[in-house]
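Listed here are the chains, written in short residue letters.
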Amino acid sequence: MKFAHMADCHIGSWRDPKLKDISTEAFNKAVDKCIQEQVNFILIAGDLFNTSLPRLDNLKTVVTKLKELKDKNIPVYIIPGSHDFSPSGRTMLDVLEEAGLFINVVKGEVVENKLKLKFTIDEKTGTKITGLLGKRGSLERSYYESLHTENLENEEGYKIFVFHSGIDELKPKEMQNIISQPLSLLPKNFNYYAGGHMHIVKESKIEDYGTIVYPGPLFPNSFSELEELERGGFYIVEDGNLKWEPIQIHNTHKIILNCNHKTPELIEQEINDEIKDKEFNNTIVLIRLFGSLENGKPTDINFKSIFTKLYDKSAYFVMKNTNALTTKDFEEIKIDTKSVEDVEGKLIKEHLGQIKVENLSVEKEEAYTRELMNILSQEKAEGMTKTDFENKVNDDAKRVLELDVD
Amino acid sequence: MQVFDLIYGSQISQQNLELISGLSLEDNKDFDFMDPKLRNYMLARLKSLATIKGENAFVSKQMPDFFSEVREVLKEDLGFLTKPKNPLFIGNLRSGSNVLDVPIYLQGDKVLSHHILIAGTTGKGKSVLVSNILWSAVDQEYCGILVLDPHDEYYGRDKLGLKDHPNREKVIYYTPSNAPAGAITLKINIEQLRPTHLEGVVNFSPAQVQALNLYYKEYGKKWIESIILEKKLQINNAFMPETLVVVKRRLLYLLDLDFSNNQLFCNGIFDLNAGESTISDITKELEQGHIVIIDTSNFSGALEILIGSIITTEIFRKYKYDKMHGTLSEKPVISVVLEEAPRVLGKEVLERGPNIFSTIAREGRKFKIGLAAITQLPSLIPREILANMNTKIILGIEMKPERQAIIESASQDLSEDDRTIASLDVGEALVSSNFAKFALPVSIPFFEEFAKKDIVKDDVKKEFDGVQLS
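As you go down the protein sequences, you meet chains H and W in turn. FYI, this note's numbering numbers position 354 of the first sequence as 354, with every residue one higher than the one before it. FYI, this note's numbering numbers position 79 of the second sequence as 79, with every residue one higher than the one before it.
The set of hints was computed from the structure by calculation and includes no laboratory data. Among the hints, a few may not be true.
[To be verified] Cβ-Cβ distance ranges computed for the label pairs, FRET-style:
#1 Arg317/W / Leu257/H: 20 to 30 Å
#2 Glu238/H / Glu330/W: 47 to 57 Å
#3 Asn273/W / Asp273/H: 35 to 45 Å
[Claimed, not checked] Listed below are several chain H residues computed to face chain W (Cβ distance under 8 Å; list not exhaustive):
#4 Lys107
#5 Glu169
#6 Thr263
#7 Pro264
[As the list claims (entries may be wrong)] List time: in silico DSS-like cross-link candidates among lysine-lysine, alpha-carbon distance up to 27 Å:
#8 Lys318/W / Lys173/H
#9 Lys331/W / Lys346/H
#10 Lys188/H / Lys61/W
#11 Lys437/W / Lys366/W
#12 Lys346/H / Lys323/W
#13 Lys366/W / Lys284/W
All residues carry an ideal CB built from backbone N, CA and C; glycine is no exception.
Bound conformation, chain W alone:
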């Protein structure tokens, strides 16, 4: 059973209660309840979560008998919460504010490919939860995770982070500048860009889209350079000259390019010389079940989405190919972690047209690709996309419309849990999933405590064959 509400109860009628209260307010101290502790009490409202028989749990079909004994759940009662084959660690089971020594794992391959929504107000523990999930996923072979990290917080450049994981070789970190040892400087060769990558990133008009496509058709990999240098197209008057001027200006700004003396110069992460294999390298790492973190903290929102769009489009294309050729079953599930998800999955954005992320939200699970969308404002995401997110990790949310959006699209009936969600403390969550028997209350451990238990001191004596040592 789950307590979902606490209310006052009393054997004294409401009328008498109000009368006594009124008299007390008027400072008449002589009035009091007779046997107050016997006549007034707290009522706990409970709902049935599951019926446990031995090591199995079932959905409850009947109410407990009258006067059944009620006690707090114990670790020994929860033998049915086993660790699945491809575990994804979420946290420890919580009974009220008490944390039980029962780790909660979901079936990771299913959960990740069927999308996760992580919702909660700032400061409630979303980042800690994601850090824990990523830390435990490093050891798993079944998934590759792409993290677009706008706060540069998961790798742990200056603090404990994924770089400290014992299997750190499975964590690949791309950053645009000042890469710490072992990290890769993010450079993407400009010739890797396609007009489709800009869909949902920049709001081009139909005429501007046509201009982009015509240049791509005629100049192939050199299409951006050709637009910037205003090279002629074979088709005359395909669009107004102003269209090209606008497209050129927007590309220069978005991609941080310059031109001078009929020559193109790159200032940002897009490059004419380096970064030819970056996208294929990232895709390959993900296919090998690694965690790829892209530090997007210095990027504009549009640029961050563009990078995510380029990589995700390529992964989606590869996995579609694998599915067609029957090799998808050998590949790990890929999850794309999106912070502030309404930027790409919001109603307003999608009204302008679909993008790769909305495509994945709708059909990614057929190709073993899922989203892990993080937000404080789930109500901005269209209902059909929320409904496609089959696991929801709900942290404390104070705003009623945001709770409502989640409750209405949850995998389990959470209609009675509104107040529970509102009162979730920092690090407390409610997990509703198609792959759980009931909505699980969990406590998210502090990342430092969670990670430190795995860190072992590397004191193996290193050998350096081939170096002439003195």
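Looking at chain H on its own, in the form it has when it is part of the complex:
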């Protein structure tokens, strides 16, 4: 048996014109590799898309590729992730499943007020697959807490559990601020745990739990991920043997400079020295500056000139990060975070408790805020009238806030 495990494709995540198609390109490459490797099936452990209603151009490419897999009789099993799940139920994933392009394995029934998951059986291999979706702010935890585990743990045969959550025990130090849940909430005795959500490449064997795997994103989704991972990839699992397949789209080159006691002019000089004898053929260049400037401010560094030189040397894309660059002249307000979700999470936490509502705990306030932000971030679908869209947003908000008013 041979299958592929990918996660966090985040189709449509980059907005810059030069990078906006890069996640789709990575997806295409991954699918091509799966076809070439003749895998029996593909698992996508959440966040195929960056939003529940992706842009049409991205969607078209993905549908074409999924159709190709369908025609080649390679089934795709997915779960919704924290980005492409919609609490209102309006997600493109449902449409694609209706079209038979993949199977959402998050299926079950409610028994005694608890969730009893059902297995989806892969016809060719007899593999039994089930899993749970990911939600914003890791709100899926309550599902795990209400999960019937006996039927899952006692089922015979080769079993795969697909999940989209951070795991406390496996979280790397640099991700200490992401919300995660204990390993003990996952049902035991599965052969393979196909993880998503944490953008790390990690395989762990833990007693009672089989192999727990995070393949990382198909393409890094932020500056820090590009720095850390350089490229994305996914796993191909053949008869229990794991192989991580990298997806190379562009090379990356990192320029990391400690700016302590240096002037903006000196920093510019040092960067120029570093790049002067190099060519950056089709490479993504990352410039990270940190430390405290001797004088002046970060904006005094002539990045425009540096960028121009890099593009003249055929760099594909240049990015800078000066979050940790301070100046003696004045203190910047710093937000030490790595993604939009992290910034949102941090800001929500900072403002919790400012509105006093009876019986509203800070935990509930946080959950409401995250759900509401999710609702308000939805875009109006094509063909939808403004009034319908407003009504939908209102209805969703009422449902989240558990309001029973018109």
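Put chain W on the given structure of chain H with help from the hints.
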């Protein structure tokens, strides 16, 4: 007033009493006291606790008048025992063996940061008291509590415990193996360890300490691996080869490590792969005012202390940083519950050098970190540390030297209470605190009864958006 002793009194002289007793012993039944009930009686010795005027109580400066009426205290007399802003529930007020319907709360933020000593003989109710305190602290925002639990009794893996609290999401439970659903498997990445964490845990010689530090300086996070695999140092002959052999052997044993073919293997809670964020996660939970319980029931004493030392060192470092940057006032008080406290605070241990717990005992309160030290042998703890523990919850103690150690360091004058302490029954305690007007006699309720009143049946219909239900 508090009755602190009961003695016999008689209007008959001692000489006559002894004469009558002697004759009675010789079986001469004809002798008896005249009006025995009028001539012999019990004398209660009382001391003044407080003067109550309306809703206020003051330290007594004068004796009651002669022939003042004496009666038992009533709930209505105790209006001054109010619930403070940050309450820490201890028990219900006791008058002798009668329990009054007056809950006793101390000012939790002060009490916890100024350290608590809980002393009592086995079976007198220390665990029940701690369970009650933890249960009521779950609802409070003002404190985070780290519990090193060598008997794995507070979470309630197989019985009623903190896992059953209505706010159970504020109770975080780490256990080394077979974690029940919702609990976290305790794994600490080996790269998180520093040589300072071993202070007071393992008694290394100065040369061995130097070896540890040199390896840490040269190999950074990989220092343990480098010692085990005997990697070379740039400095030659910094210590004898035997030193490295001993250090290596002790680390292998303490951390449950193995090596083979120049590769390191972890068997216990220390891990090469998992547990990178464990220490920062625990610190974060405590900073959010949660209760973190570490099940140390399967650990050796040294390993348990090492775990406590790693976590406590990190919390102390963070709170020192917060104090320096003016953000400490926003943080909750953190209390570290230490069972069998003399293992880390005992005179013998501290003679070998200070450790993080003795540092906290001395200066933790400046940084809003306190200890809750539990012991049956308070006399093993140095006097200056006992004196720093500004709240003492004293349960029954039969051994005189142990009572004496507490009485001598109590916040109130307990010199007359020796016999009271000796005769405290199961679940009875005397609370002496800088934050109480007088030593309070309390009765500790049974945990089951105390907790069950808060438990409500969870019958809210659950929804599972996003799951295709059939």
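Hints, verified against the model:
1. As the Cβ distance of Arg317/W to Leu257/H is approximately 28 Å, the hint placing it in 20 to 30 Å holds.
2. Range check, Glu238/H to Glu330/W: about 53 Å between beta-carbon atoms, so the 47 to 57 Å window is met.
3. For Asn273/W and Asp273/H, the Cβ-Cβ distance of about 39 Å falls inside the hinted range of 35 to 45 Å, so the restraint holds.
4. A hinted interface residue such as Lys107/H counts as satisfied when its beta carbon comes closer than 8 Å to some beta carbon of chain W; here the least separation is about 5 Å, so the hint holds.
5. At about 5 Å, the closest approach between the beta carbon of Glu169/H and any beta carbon in chain W falls short of 8 Å, and the interface hint on this residue holds.
6. With its C-beta approaching chain W no nearer than about 28 Å, Thr263/H sits outside the 8 Å limit, and its interface hint is violated.
7. Given hint, Pro264/H at the interface with chain W, is violated; its Cβ is 27 Å from that chain's nearest Cβ, farther than 8 Å.
8. For the hint pairing Lys318/W with Lys173/H, the CA-to-CA distance comes to about 16 Å; that is within 27 Å, so the pair holds.
9. Between Lys331/W and Lys346/H the alpha-carbon distance is near 17 Å, which keeps this suggested pair within the 27 Å criterion.
10. Distance hint between Lys188/H and Lys61/W is unfulfilled; the C-alpha atoms sit about 68 Å from each other, more than 27 Å.
11. With a C-alpha separation of about 23 Å, the suggested pairing of Lys437/W with Lys366/W holds against the 27 Å cut-off.
12. As the CA atoms of Lys346/H and Lys323/W are separated by approximately 21 Å, the hinted pair is consistent with the 27 Å bound.
13. For the proposed pair Lys366/W and Lys284/W, the alpha carbon gap of about 20 Å is at most 27 Å, so the pair holds.
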